[in-house]
Amino acid sequence: MIKLENVSMKFNLGVEKDFSLKQAFINILSFKRNKKKKDFFWALNDINLHIKPGEVVGLIGSNGAGKSTLLKIVSGVIKPTKGKVIVNGVISPMIELGAGFDHELTAKENIYLNGAILGYSKKLIDEKFEEIVEFSELRDFLNVPIKNFSSGMIAKLAFSIATIVNPEILIVDEILSVGDIKFQEKSKKKMMSLIKGGTTVLYVSHSLESIKELCTRVVWIEHGKIVKVGDTEEICDEYYNKQMN
Amino acid sequence: MIKSTLINVKKYSFLIQQLVIRDFKVKYKRSVLGIVWSLLYPVLMMAVMAVVFSQMFKFKVEGINYLVYLMTGLIMFNYFSEASSSAMISVVSNFSLINKVYIPKYIFPVSKCLFVLINFVLTLIPWLGIILLSYVGLGQYTCHLNIYYLILPYVFLCLFLFTMGMGLLLSCISVFLRDIIYIYGIIITIWNYLTPVFYSVEILPKDLQTIMGFNPLYRLLDAARQIVLYGQAPSLMNLIIIGLIGIVSLIIGGLVFKKNQNKFIYYI
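Residue numbers (numbering that gives the first Met the number 0), protein chains in the order written: chain A, 0 to 244; chain B, 0 to 267.
It should be emphasised that the hints constitute simulated quantities derived from the structure, not laboratory data. It cannot be assumed that every hint is accurate.
[Stated by the list, open to error] Using 27 Å as the maximum straight-line C-alpha spacing, the simulated DSS-like pairs for lysine-lysine come out as follows:
(1) A:Lys78 / B:Lys99
(2) A:Lys81 / B:Lys99
(3) B:Lys2 / A:Lys121
(4) B:Lys9 / A:Lys121
(5) A:Lys224 / B:Lys99
(6) A:Lys78 / A:Lys2
(7) A:Lys107 / B:Lys24
(8) B:Lys28 / A:Lys121
[To be verified] Selected chain A positions facing chain B (in silico; Cβ < 8 Å):
(9) Asn11
(10) Leu12
(11) Ile77
(12) Pro92
(13) Glu95
(14) Ala98
(15) Gly99
(16) Leu104
(17) Lys107
(18) Tyr111
(19) Leu112
(20) Ser120
Using N, Cα and C, we set each Cβ at its ideal position, and we do this for glycine too.
Kindly generate the complete structure, drawing on both the sequences and the hints.
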């Protein structure tokens with residue numbers, strides 16, 4: 000179950016320039032805080048959302064609407080400025096594959112490292128090791144440092160590690176079809192089986208077709224606000240028409 | 000709070016372990032001697048410094064083995080400087096990861112301190128070797144192994160806690176103020192000279208000696224040296240002080256880190 004109550008997220012835009020010792024020093028000397036800059040924006044503004052267990056919810060909206068921020072808040076990467084987030088269940092965030100790979104290490108070592116980063120236990124990885132290797136089709140390269148891998152091979156490995164568990168809550172940013180044609184089909188099938196396997200899914204995609212195919216409900220976000228929540232077909236069509244005009 | 004922290008540490012111990020293993024593998028990659036460097040490096044450093052300070056500058060500390068004096072100071076100070084420096088940049092250099100997956104952020108400085116700690120424990124082997132060699136005439140005086148060596152793990156634990164507290168504090172500051180990475184390089188150099196690593200505190204003027212009491216690293220070094228070189232147990236007072244140094248540092252570092260960790264994400 001995922002529950003968001005009045006969730007708002009503020010980002011400072013000018014924060015990078017602002018923070019130097021020089022600036023801090025100037026601020027101290029001038030006895031005031033730098034007030035003239037108010038470069039912040041609300042990436043999310045008062046979001047209320049309740050996702051029941053087993054629901055497959057699609058998120059749509061144009062680039063920069065706040066979809067990824069929402070995913071990050073649900074997966075706990077960022078804490079919202081305001082509001083409350085309640086998440087019950089083990090989350091598997093597939094926002095970015097292969098985060099935490101060390102390119103100096105071999106594929107085998109990276110399976111353990113990346114697994115640990117995703118929160119798997121040693122026991123689980125030991126058990127699923129064969130399965131991961133089998134799925135990734137990289138058995139012959141297990142002891143090769145992944146810096147020598149092609150990007151496709153790295154993506155295959157990352158995908159195989161990330162999808163090995165059956166999470167209670169699955170967070171997906173775009174359908175993750177990676178690798179060569181054969182692997183793309185395989186990974187797509189795997190994703191489908193994960194999504195249809197009864198888990199709660201929060202799914203971001205720009206492909207309305209896959210949204211229609213998978214989702215039981217759709218949330219349309221624009222400028223950090225929920226425009227509409229409801230029936231998949233209806234909202235997808237409305238969104239499409241709005242975008243095309 | 001302490002209980003939940005412990006549960007958390009247990010849950011993420013596998014990750015910490017993996018990060019430490021990663022550091023080890025990456026550190027000695029493509030080197031012929033590999034982990035032997037962990038043993039060899041401090042000995043060679045000590046040899047260089049011994050030649051410079053005891054032969055060229057004629058440093059010596061009356062009545063004790065200067066080589067052991069030097070090496071004890073060196074490995075302990077190096078542990079602190081290396082661990083705190085790498086812990087300092089650990090959060091910033093893992094930003095891309097922090098931005099994508101939820102991981103408790105203290106994992107990074109803690110795993111760095113542990114990684115350097117393992118290295119430190121390895122350096123104890125050549126250190127012990129030098130002490131044993133003093134029996135067969137290495138250096139002017141002999142160091143005697145004694146029962147008080149059993150206190151040493153406690154001293155090292157205090158050093159570790161102190162370093163971890165500093166590491167947490169520094170890694171937190173470095174997120175908001177990248178300049179600290181450069182500033183700290185200077186600070187550690189100054190700190191090195193202000194800590195009696197290669198000289199004896201007795202050569203300092205009296206009032207400076209008093210001020211030295213406020214240097215936590217001096218306290219820690221002194222406790223270890225008292226055991227190793229003089230064969231005495233540090234006074235109970237000193238043992239309590241170094242314990243406090245460790246715990247207070249960890250509490251301050253931990254609290255500052257905990258209070259600010261949710262803001263890290265804005266300073267990427």
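Checked hints:
no., hint, in the structure
1, A:Lys78 / B:Lys99, "holds, 13 Å"
2, A:Lys81 / B:Lys99, "holds, 21 Å"
3, B:Lys2 / A:Lys121, "holds, 23 Å"
4, B:Lys9 / A:Lys121, "holds, 13 Å"
5, A:Lys224 / B:Lys99, "holds, 23 Å"
6, A:Lys78 / A:Lys2, "holds, 14 Å"
7, A:Lys107 / B:Lys24, "holds, 13 Å"
8, B:Lys28 / A:Lys121, "holds, 24 Å"
9, Asn11, "holds, 6 Å"
10, Leu12, "violated, 10 Å"
11, Ile77, "holds, 5 Å"
12, Pro92, "holds, 6 Å"
13, Glu95, "holds, 4 Å"
14, Ala98, "holds, 4 Å"
15, Gly99, "holds, 5 Å"
16, Leu104, "holds, 6 Å"
17, Lys107, "violated, 11 Å"
18, Tyr111, "holds, 6 Å"
19, Leu112, "holds, 5 Å"
20, Ser120, "holds, 6 Å"
When each numbered hint is compared with the structure, violations occur for hints 10, 17.
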